[in-house]
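> Spelled out from the first residue to the last, the chains are:
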Amino acid sequence: MRSYYILKQAIYNIWSVRIPVAIAILTIGISLSVLMGVSEIIYKVYSTVEKVREEFEIDLFLKSDITSLQKDILERKLNNISQIKDYQYISKEDAAQIFYVEFGENIFDILTDNPLPESYKIKLYNKMTHVTIVNNVVERINKIDGIDEIKYHNDLLLLIEKYLLIVMVIGGAIVFVLLLAMNMFVRNTIKLSVYSRRDQIEILQLLGSGKLFLKLPFILEGLLEGIIGGILSGIILYFFHEIASDTATYLFDYDLKETNYIWSISIFAGAIVGVLASSASVNKFIKIFSTE
Amino acid sequence: MVKFENVSVDYLYSEGLKDINIEFPDKEFSLILGATGSGKSTLLRLIYMDIEPTSGIVEVGQWSSRKVSARKIKKLRRSVGVVFQDFRLIENMSVYENVALPLIIEGYSRKYIKRKVETIIDEIGLLDSINQKAGTLSKGEEQRVAIARAIVKNPFVLLADEPTGNLDPESSVTVFNLLKKINKLGTAVIMATHDYLLIKDAPYRRVMMDCGRISENQEIE
Chain V
1 MRSYYILKQA IYNIWSVRIP VAIAILTIGI SLSVLMGVSE IIYKVYSTVE
51 KVREEFEIDL FLKSDITSLQ KDILERKLNN ISQIKDYQYI SKEDAAQIFY
101 VEFGENIFDI LTDNPLPESY KIKLYNKMTH VTIVNNVVER INKIDGIDEI
151 KYHNDLLLLI EKYLLIVMVI GGAIVFVLLL AMNMFVRNTI KLSVYSRRDQ
201 IEILQLLGSG KLFLKLPFIL EGLLEGIIGG ILSGIILYFF HEIASDTATY
251 LFDYDLKETN YIWSISIFAG AIVGVLASSA SVNKFIKIFS TE
Chain E
1001 MVKFENVSVD YLYSEGLKDI NIEFPDKEFS LILGATGSGK STLLRLIYMD
1051 IEPTSGIVEV GQWSSRKVSA RKIKKLRRSV GVVFQDFRLI ENMSVYENVA
1101 LPLIIEGYSR KYIKRKVETI IDEIGLLDSI NQKAGTLSKG EEQRVAIARA
1151 IVKNPFVLLA DEPTGNLDPE SSVTVFNLLK KINKLGTAVI MATHDYLLIK
1201 DAPYRRVMMD CGRISENQEI E
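Chains V and E, in that order, give the protein sequences. The numbers in my numbering rise by one with no breaks, and the one at position 226 of the first sequence is 226. Just add 1000 to wherever you are in the second sequence, counting from 1, and you've got my numbering.
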């Protein structure tokens, strides 16, 4: 009976302040869809950066007169560098084979002698592929005897670190502003609901009602607003994915057709926003409008 | 039993109560009489602990104003029925829902609530209007609903603050008769009123109040 009463009151509250409620739902729907869109962009950028980092390599070209002993020492020293995940030795023959695969020509058809040097391809742990760490590793490797040249794309690392930071800062700011906006709108509608029901709150208190019984209809109201806002956000995102899917596949090789997760995340996020904002609001305003 | 011991209430801009010592025994019908502002409502508000005494002690059944807490007030209010001059019904709720509220708050089952509420509404003669919104009733009917809500949980004391103040003479008599009936069934009734005509021949104890003091306490033998 209590649950029925609480549900009925929540629905009545929503109906009695329906225009502010509609605005709050619209705000939640739009904000959540933008928020999830921004989060998705941040996630995709982050995944791309991780992929680039995963494929990051340092090429170590050896001097042509390097001895076997020097190679043994070099490998031992590479093993001692903790940031190195693994390395691969490329002999002169392997290099010729790679040349053939990459350029489609046999080096011996062009030249009588194989000029390609022996080398090592070094892979670092993912977390270690940051500009400063890479520079540090390269500096250590440079001190080892028998090395002719070290090649790595530090410029690429610099670029992705810079853009990742920009995306994170702008995305974070947008997320923050949208969270504030959603919170503000839900809080305001709950404030209006509490204000319009202030006589009822007083009567219930005179009848011996506890605080939780007073608050629950308003919290449920916030929850319902959040869920409806979440569904709206799901609809917006679904259509966005449908429209943007071809472009995303063409430009970034992302498949946006998979949209099942959007619904559950949207509704769950809407519910959380609704409950948190309404709880905060009802705690504050029941204190103001109640008689105790 | 309700007991006041050296109770005073100070208001910032008006007179409250001064040194009140009185007992209201169980099952008794008591009338608090006096002009507007004499302290009748303050006396009742102290009983349902809507306000605290500035000094002295108010004891209501097992509760004392000395050891009051929000939790205890909640429990006290569930054991005391209160009826106001302005009824304080929730207008968008039906007669049934208004009367059922104290039982819903306590968490009684739907079946129990239905049986209890229908019996009470039948007793106040509003069974035909049971599903009507409280806001559509006449004032007399509204006050009867408010009384039904106040007694639905069998309180040991029913407080009525000017219950006929907003009613026409005919409705006033109906409401007063209802309160008498409730008292006959064993509930103490403390009624504040200045409707002397209505209570003229009522064989009840009369407590006269004047400027926050008890000027006369007429026990009925």
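Derived from the structure by calculation, the hints contain no laboratory data. As the structure is a prediction and not an experimental result, all values here were calculated from the model. Just so it is clear, CB atoms sit at the ideal spot from N, CA and C, and this is done for glycine as well. Treat the hints loosely; a few may be bogus.
Cβ pair distances, simulated, as ranges [to be verified]:
1. E:N1092 to V:K284: 55 to 65 Å
2. E:K1114 to V:E242: 29 to 39 Å
3. E:I1130 to V:K284: 31 to 41 Å
4. E:Q1132 to V:Y43: 52 to 62 Å
Chain V stretches covered by chain E per the calculated footprint, using a threshold of three residues with CB under 8 Å from any CB of chain E [said to hold, decoys possible]:
5. 2-16
6. 94-106
Here are the computed lysine to any residue pairs in the SDA-like style, where the Cα-Cα straight-line distance is at most 20 Å [unchecked claim]:
7. V:K8 to E:K1072
8. V:K215 to E:K1074
9. V:K215 to E:M1093
10. V:K211 to E:I1073
11. E:K1114 to V:N283
12. E:K1111 to V:E102
13. V:K211 to E:K1184
14. E:K1075 to V:A181
15. E:K1153 to V:R2
16. E:K1111 to V:I98
17. E:K1111 to V:L212
18. E:K1072 to V:L212
19. E:K1184 to E:I1120
20. V:K284 to V:L158
21. V:K211 to E:R1206
22. E:K1074 to V:N283
23. V:K151 to V:L212
24. V:K8 to E:G1135
25. V:K284 to E:A1070
> Now, for every hint given, state plainly whether the structure supports it.
Going through the hints against the structure:
| no. | hint | verdict |
| --- | --- | --- |
| 1 | E:N1092 to V:K284: 55 to 65 Å | 25 Å, violated |
| 2 | E:K1114 to V:E242: 29 to 39 Å | 51 Å, violated |
| 3 | E:I1130 to V:K284: 31 to 41 Å | 37 Å, holds |
| 4 | E:Q1132 to V:Y43: 52 to 62 Å | 57 Å, holds |
| 5 | 2-16 | holds (count 4) |
| 6 | 94-106 | violated (count 0) |
| 7 | V:K8 to E:K1072 | 28 Å, violated |
| 8 | V:K215 to E:K1074 | 15 Å, holds |
| 9 | V:K215 to E:M1093 | 18 Å, holds |
| 10 | V:K211 to E:I1073 | 12 Å, holds |
| 11 | E:K1114 to V:N283 | 32 Å, violated |
| 12 | E:K1111 to V:E102 | 83 Å, violated |
| 13 | V:K211 to E:K1184 | 35 Å, violated |
| 14 | E:K1075 to V:A181 | 40 Å, violated |
| 15 | E:K1153 to V:R2 | 16 Å, holds |
| 16 | E:K1111 to V:I98 | 84 Å, violated |
| 17 | E:K1111 to V:L212 | 24 Å, violated |
| 18 | E:K1072 to V:L212 | 15 Å, holds |
| 19 | E:K1184 to E:I1120 | 15 Å, holds |
| 20 | V:K284 to V:L158 | 48 Å, violated |
| 21 | V:K211 to E:R1206 | 37 Å, violated |
| 22 | E:K1074 to V:N283 | 18 Å, holds |
| 23 | V:K151 to V:L212 | 67 Å, violated |
| 24 | V:K8 to E:G1135 | 18 Å, holds |
| 25 | V:K284 to E:A1070 | 17 Å, holds |
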